[in-house]
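Peer 1: Letter by letter, the chains look like this.
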Amino acid sequence: MRKYLEVGKISVKSQITYRFDVLIGCFMPFIRVFLAYFLWRTLFTDKTEMGGMTFPMMLTYYIVCAFIQRLEQSNGLVWEFAGEIREGRFTKYLVKPVSPLGHFVFTSLGKTLYHLVFTVLAVGCVILIFKGQFVGPASAGSLILALLIAFLGLLVMILLNYLTALLAFKFTDITGWHLLNGNVVDFLSGALLPLSLLPDWMQGVMRYFPFYYMQFLPASLCLGLRTQEAFFGLLVMVIWIIVLWGLAEFLYHRFRRLYEEVGA
Amino acid sequence: MKGISILRRYLGIFIRLFKFRLSNQMIYRASFWTVFIVDVSMFLIQLAVFSTLFLNVDTINGWNKYQMIFFVGTFNIIDSINMSLFFFGITSIPYKIREGKLDIYLTRPVNTLFWLSLENIDVSSTIVIIPGVIMVSYATAKLGITLTFGKVAGYLLLLILMLLLFYSLMLIIRTLSFWFIKTDALNDLEGEMIGFSFRVPGIVFTGVSKLVLYVLLPYALLATLPTQYFTTSFSLGHWALALGVTSAFVLISQWLWRLGLKNYTSASS
Numbered sequence: 001m002r003k004y005l006e007v008g009k010i011s012v013k014s015q016i017t018y019r020f021d022v023l024i025g026c027f028m029p030f031i032r033v034f035l036a037y038f039l040w041r042t043l044f045t046d047k048t049e050m051g052g053m054t055f056p057m058m059l060t061y062y063i064v065c066a067f068i069q070r071l072e073q074s075n076g077l078v079w080e081f082a083g084e085i086r087e088g089r090f091t092k093y094l095v096k097p098v099s100p101l102g103h104f105v106f107t108s109l110g111k112t113l114y115h116l117v118f119t120v121l122a123v124g125c126v127i128l129i130f131k132g133q134f135v136g137p138a139s140a141g142s143l144i145l146a147l148l149i150a151f152l153g154l155l156v157m158i159l160l161n162y163l164t165a166l167l168a169f170k171f172t173d174i175t176g177w178h179l180l181n182g183n184v185v186d187f188l189s190g191a192l193l194p195l196s197l198l199p200d201w202m203q204g205v206m207r208y209f210p211f212y213y214m215q216f217l218p219a220s221l222c223l224g225l226r227t228q229e230a231f232f233g234l235l236v237m238v239i240w241i242i243v244l245w246g247l248a249e250f251l252y253h254r255f256r257r258l259y260e261e262v263g264a
Numbered sequence: 001m002k003g004i005s006i007l008r009r010y011l012g013i014f015i016r017l018f019k020f021r022l023s024n025q026m027i028y029r030a031s032f033w034t035v036f037i038v039d040v041s042m043f044l045i046q047l048a049v050f051s052t053l054f055l056n057v058d059t060i061n062g063w064n065k066y067q068m069i070f071f072v073g074t075f076n077i078i079d080s081i082n083m084s085l086f087f088f089g090i091t092s093i094p095y096k097i098r099e100g101k102l103d104i105y106l107t108r109p110v111n112t113l114f115w116l117s118l119e120n121i122d123v124s125s126t127i128v129i130i131p132g133v134i135m136v137s138y139a140t141a142k143l144g145i146t147l148t149f150g151k152v153a154g155y156l157l158l159l160i161l162m163l164l165l166f167y168s169l170m171l172i173i174r175t176l177s178f179w180f181i182k183t184d185a186l187n188d189l190e191g192e193m194i195g196f197s198f199r200v201p202g203i204v205f206t207g208v209s210k211l212v213l214y215v216l217l218p219y220a221l222l223a224t225l226p227t228q229y230f231t232t233s234f235s236l237g238h239w240a241l242a243l244g245v246t247s248a249f250v251l252i253s254q255w256l257w258r259l260g261l262k263n264y265t266s267a268s269s
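Protein chains in written order, with this note's numbering: chain S, 1 to 264; chain W, 1 to 269.
Read the hints as simulated data drawn from the structure, not as lab findings.
Take the hints with a grain of salt, since some may be wrong.
Stated by the list, open to error - DSS-like cross-link-like pairs, simulated, lysine-lysine; straight-line CA separation at most 25 Å:
(1) Lys182(W) / Lys13(S)
(2) Lys92(S) / Lys101(W)
(3) Lys65(W) / Lys47(S)
(4) Lys142(W) / Lys65(W)
What the hints assert, rightly or not - Now the stretches of chain S that chain W is said to cover, found in silico as 3 or more residues with beta-carbon under 8 Å:
(5) 25-34
(6) 47-61
(7) 177-191
(8) 194-201
Built from N, CA and C at the ideal position, the CB exists for glycine as well.
Construct the entire structure; sequences and hints are all you get.
Peer 2: This is the structure:
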């Protein structure tokens, strides 16, 4: 475990090199929330409630989603990992006593930890700007549950991104797969629209998949909504993490045989 | 006369690049189909977002369902042309700058930017233009719009202008790689702006936000202006906005590119 904590520490340190990148990234929550503000302000012109939310709740929903989304930092790692496979630099994982999956997970978490500070500051500024509209957490209990589920969601996303990166062993160019992963997760996680706007039967199906719990449920819990779904959500997420972890290990052991070490 | 011969030469290069990429993509068929699937998924998600919204509202700031279908169709046409022609070329520029791989392009007797932009043409993305055209045609019929030569020509002209604007916006972000090693966040920021501007029509913005998203970061213009032209009223002011903003961003992107090249130090060679 200690070696993986070292990997995480190195990841935090390497982030300090890219200050410009981190600084620009701080604007992300602003953009998503501002654009959502203008869209929903228009849609709420002659309505007081949509999908069980008022306009301030909707705005808060997007602020929470923007916060969670910004903490997910494994997205950029996919390109790096796939590049290493493609260009023969993956060999370093084969000669080191570390699991590529462990390396990937802890590098992602290290980046998340570093970005957490800046994201909290950026989202704090967004909350200050919309302080008249921002709805605070419904209760400490629902906030803790939301944070816990969001963390599990983060792990699921890291695993999905790792699986995408592994495809580089088979397909070499994974641009399409990675974009597809991003597009689908964006919609199914509720980052684009609250899932409560979808028909009930669709929400019912989505409860058995991890996407529902990545952003939609944590944001809803913060608003004091759907609290009865929290424990089921925890269970679903734990099951999915085990399944995805197993799948990742299985695929790695199958795909690494295809590694040609080109260019190494 | 000289201008025509240059044009013919570059057209010839474009055709060769296209043929080369087509044969290349046929070798890597999996890649060909994944890009196609990505484009279709984008299109379906776009449709799902608006269908969900229209389950809950009747209009978006005065635009009805069919105007929104037209908007989504226009988005798909612009996006598929962007993905087919220059998306993969432009997005590879930071990598080439960072790794010092730009050297080989600079030594070729062809405009570097032309080559870089068009060397990764993606044939599979062109297919998504079909549902875009179908949606635009369907919405036109439902809105009862009479087609005239002027109407179609104006729409096509606006599409070309918006594509030029899109290209320039993408290029500006990539030129920053000449000065900053890592620009991942900028790419994410751009993705965010494009994603939302294609999902949120520009008509919802007012005041300062309109100024920002129409002039300073004009992503909101891309699919909104052609839709506004075709489905509602379009004044001379709108034309001035489209021409003015596009010209300004084309000039800025070219200036930044030239400035960046002067700063290029060829990292690894």
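Peer 1: Hint by hint, where does the structure go against what was stated? Just the numbers, ascending.
Peer 2: none
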